[in-house]
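Asker: This is what each chain is made of:
Protein chains: 2
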Amino acid sequence: MARTGLTSQATDFSKWYNEVIIQSKLADYSPVKGCMVIRPHGYGLWERLQSELDAMIKETGHENAYFPLFIPESFFTKEAEHVEGFAPECAVVTHGGGKELEEKLMVRPTSETMIHSMVAKWINSYRDLPMLLNQWANVVRWEMRTRLFLRTTEFLWQEGHTAHATAEEAEEETLKILDMYASLAEDIMAVPVIKGKKTEKEKFAGARWTYCIEAMMKDGKALQAGTSHNLGQNFAKAFNIRFQSKSGSMEHVWQTSWGVSTRLIGALVMAHGDDKGLVLPPKMAPIQAVLVPIWKTDVQRTEVLQAVDKLTDGWKQRWRFKVDDREGYSPGWKFHEWELAGVPVRIELGPKDLEKQQAMLARRDTSEKAPVAWDDLTAEVERTLEAVQTDMLQSARERQEANTHSIDDYAEFKERLAKDNLFVQSHWCGNQDCEDQVQEETKATIACMPFESIRESGKCLVCGAASEERVVFAKSY
Amino acid sequence: MARTGLTSQATDFSKWYNEVIIQSKLADYSPVKGCMVIRPHGYGLWERLQSELDAMIKETGHENAYFPLFIPESFFTKEAEHVEGFAPECAVVTHGGGKELEEKLMVRPTSETMIHSMVAKWINSYRDLPMLLNQWANVVRWEMRTRLFLRTTEFLWQEGHTAHATAEEAEEETLKILDMYASLAEDIMAVPVIKGKKTEKEKFAGARWTYCIEAMMKDGKALQAGTSHNLGQNFAKAFNIRFQSKSGSMEHVWQTSWGVSTRLIGALVMAHGDDKGLVLPPKMAPIQAVLVPIWKTDVQRTEVLQAVDKLTDGWKQRWRFKVDDREGYSPGWKFHEWELAGVPVRIELGPKDLEKQQAMLARRDTSEKAPVAWDDLTAEVERTLEAVQTDMLQSARERQEANTHSIDDYAEFKERLAKDNLFVQSHWCGNQDCEDQVQEETKATIACMPFESIRESGKCLVCGAASEERVVFAKSY
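Line order of the protein sequences matches chains F and B. For the first sequence, position 275 (counting from the first letter as 1) is numbered 275 according to my numbering, and the numbering increases by one without interruption. Plus 477 on top of the position in the second sequence (first one is 1) and you've got my numbering.
Bound-form chain F, shown alone (with noise of 0.2 angstroms):
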């Protein structure tokens, strides 16, 4: 089997991307342009990613339900913006059954105005609220130029949808969920997030306003990981949902919509990954931990499985644990194997070991590797899970951190990112000319208005204009 090799971060970023998602079997090209198939390493991430999010969205009252996976034309029409944001990206069936329909199927993009079609008839009366839906589907949007988990034409997400008797209990919503999205960041996949809002131009098509959580990738690029929106009563008055208050009133619901997509894959990978291959947090990989036994002769196999199985007791219900015991392979080919894999520990043992009543223990994130008794083992491997996903949490900050800089001047500011990537924090004026001069002359956008933001008086680094707090602009995936 040919090790064809990676391309290194350095030498070109979004090659070394590509190539560490195939090369590790998280996915590969699909015959349909811009669909991609995920591989079972991939899907293993996924399946991480849904049980602890499922978890948390469950834990926070809301339930799961599943809507069609059609639109029709007349329905998407009904919210202006909406349908302006989203039709031009829309995947179109015209014919079913050998027939051609009489009205046309929109493939969903996203679901709102199914599920608002639905929940309109769903709700009567206050008692009926809070009503707190989710749907794990698959989304379709045409996209021009597609990356395997970042941009692709087909994606798999959970898209929340919820309505409030009030417009605090929406915003209470909004940002309730946003802070569950963040600490499914930071808590699981180890990635440092900036939690804030999106300006006018970049919300969501139909919202109040977007909140969202922005990373930045291992090249100084922001990724949107994920984006609450507050909908307020745009699409309860293009739907018609009502519903008769406690006074005996009837009014509009107030909504929300939240979702978080298999581009996550993408931010793990390019936030943590490097040269070897993945870089897996514990809490997201699939397999926790390896072991590579090793013998030249049978005798030496005997003795080392056997070993092996002492050991390794309980560990399978411990943690998600794997012996590599394949013959026909070397371990330098398994050790290779695993690092690009991403496992976060790698155990050998070999008839050296066997002597000294010892194994090596390999930590993936930092290469370190140290022999360690047989009386430690199981101790150790618990700790050093432990300590990688808190290290890759503290590193992947301080990288973050490193990259951030405050700039005041345009002239500065623009020959920074003419040759860097970077988060910069700078102020402006609020208005969409100076965001638009930004992203012609710089490639830069504003990647949020952060929550916790440096208040402070200032001037708009393009017109000059008085500004009270500075923004987050990078150049973004």
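Since the hints were made in silico from the structure, they are not lab data. For glycine and all other residues, C-beta sits at the position ideal for the given N, C-alpha and C. Fair warning: there could be bad hints in the mix.
[To be verified] DSS-like cross-link-like pairs, simulated, lysine-lysine; straight-line CA separation at most 30 angstroms:
(1) B/Lys811 <-> F/Lys237
(2) F/Lys58 <-> B/Lys787
(3) F/Lys104 <-> B/Lys581
(4) B/Lys535 <-> F/Lys25
(5) F/Lys15 <-> B/Lys598
(6) F/Lys246 <-> B/Lys773
(7) F/Lys316 <-> B/Lys920
(8) B/Lys920 <-> F/Lys99
(9) B/Lys653 <-> F/Lys25
(10) F/Lys203 <-> B/Lys576
(11) F/Lys276 <-> B/Lys598
(12) B/Lys723 <-> F/Lys296
(13) B/Lys510 <-> F/Lys33
(14) B/Lys510 <-> F/Lys99
(15) F/Lys33 <-> B/Lys576
(16) B/Lys811 <-> F/Lys58
(17) F/Lys25 <-> B/Lys695
(18) B/Lys723 <-> F/Lys322
(19) F/Lys99 <-> B/Lys581
(20) B/Lys598 <-> F/Lys322
(21) B/Lys598 <-> F/Lys25
(22) F/Lys246 <-> B/Lys920
(23) B/Lys680 <-> F/Lys99
(24) F/Lys104 <-> B/Lys555
(25) B/Lys535 <-> F/Lys310
(26) B/Lys753 <-> F/Lys121
(27) B/Lys723 <-> F/Lys25
(28) F/Lys104 <-> B/Lys576
(29) B/Lys952 <-> B/Lys674
(30) F/Lys283 <-> B/Lys535
(31) B/Lys891 <-> B/Lys952
(32) F/Lys78 <-> B/Lys581
(33) F/Lys475 <-> F/Lys33
(34) F/Lys78 <-> B/Lys555
(35) B/Lys723 <-> F/Lys334
[What the hints assert, rightly or not] On the chain B side, residues computed to face chain F include the following (Cβ under 8 angstroms):
(36) Leu483
(37) Pro508
(38) Ala542
(39) Glu566
(40) Val569
With the hints as your guide, set chain B onto chain F.
Answerer: Then chain B, alone, in the frame of chain F:
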């Protein structure tokens, strides 16, 4: 809130079925013809099924992956029987991103062609075999007449796709999966099934042969609850899926595919439901036990809820358990609602029960209700849940046996089937002409050629030719 009540099963089973699904909020009709919305209660059942089956799929060495929703038209035509079977049912995407597509895309009705085109790339050597893949996905088949859960234009399912080095291994896999499906139906859903083989007429388009599990619904009709196909080398040849064997020769792989769908929820409803609503076996129930506290005064309310807290301490860790302490609904209203929803065990606790240090415990499946002393309550709920699971399977099995008859005379066969729905064990010569004639004259088809059949010499029901075993005829969903 108006109670509309259910049509009785005896009056109109089909009407009862639709009403019970809508009223218990399992699903709702959607604005897209033939598509339904799966509401939280229904999706909860699907999640239970997924969770149980996914564990079985993984325990037997399969891995989950995800393949594109769209299949290029040209792929679809590579296996002749397959395209003939599925092309007329396809939804077709002709436009994307505002432009007409160069090649039409079929929305997957099943994924053999897409998956096999990828597998051809991934399989090179005997070392890559067996390749054991599964996908959880939505599929679309343009149906003329649709029924909630049983036959919808879009439905959810899992589809397994495996490739093996030998015909024997593929056959072994096909049968192993059938056993897995039978276990899901009987041990989890409490629905007894007949395992067997489909006739040539009823097999999967493109398979060598198809195995199935068939269940009897309460109206005596058969429902195909899962299928497992031995594909032989049909697709391997169409998609050129070859591997280098140990001896160095290049050979085509042997393949299988298999699936169960949201149709199983329809089976669950029709196998157990009664005139009061759904009846769910505890292993499937999203809520296994519900406690309804009863009070008239505020003082009573406080006392009863305090007792509830004490008595049910730890119950949520033990079972999927809920206390229905909603204000503004009478106990009777709540009983009715939980009966409609099919919750297996209901506990009632009111002021009189406090005096006697007891609670009332009601079984949904038998409608038995009896007082239980507080000291025994936790153990009694546990015992009852186990009994309900076992007894529901047993009573469904008895119903099936009572409605299965051996008939040798075609006139009698026609007469019985004109009056009743039942399973008829009859001799059949193996000729499709006779199969067609029975269907035309009685609407009954061959549900399956059961593995455990009465091997005996006899004469074909229709033409009188020699036959060595009986097959099962039934009217089918």
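Asker: What are the numbers of the hints the structure violates, in ascending order?
Answerer: 1, 7, 17, 22, 34, 36
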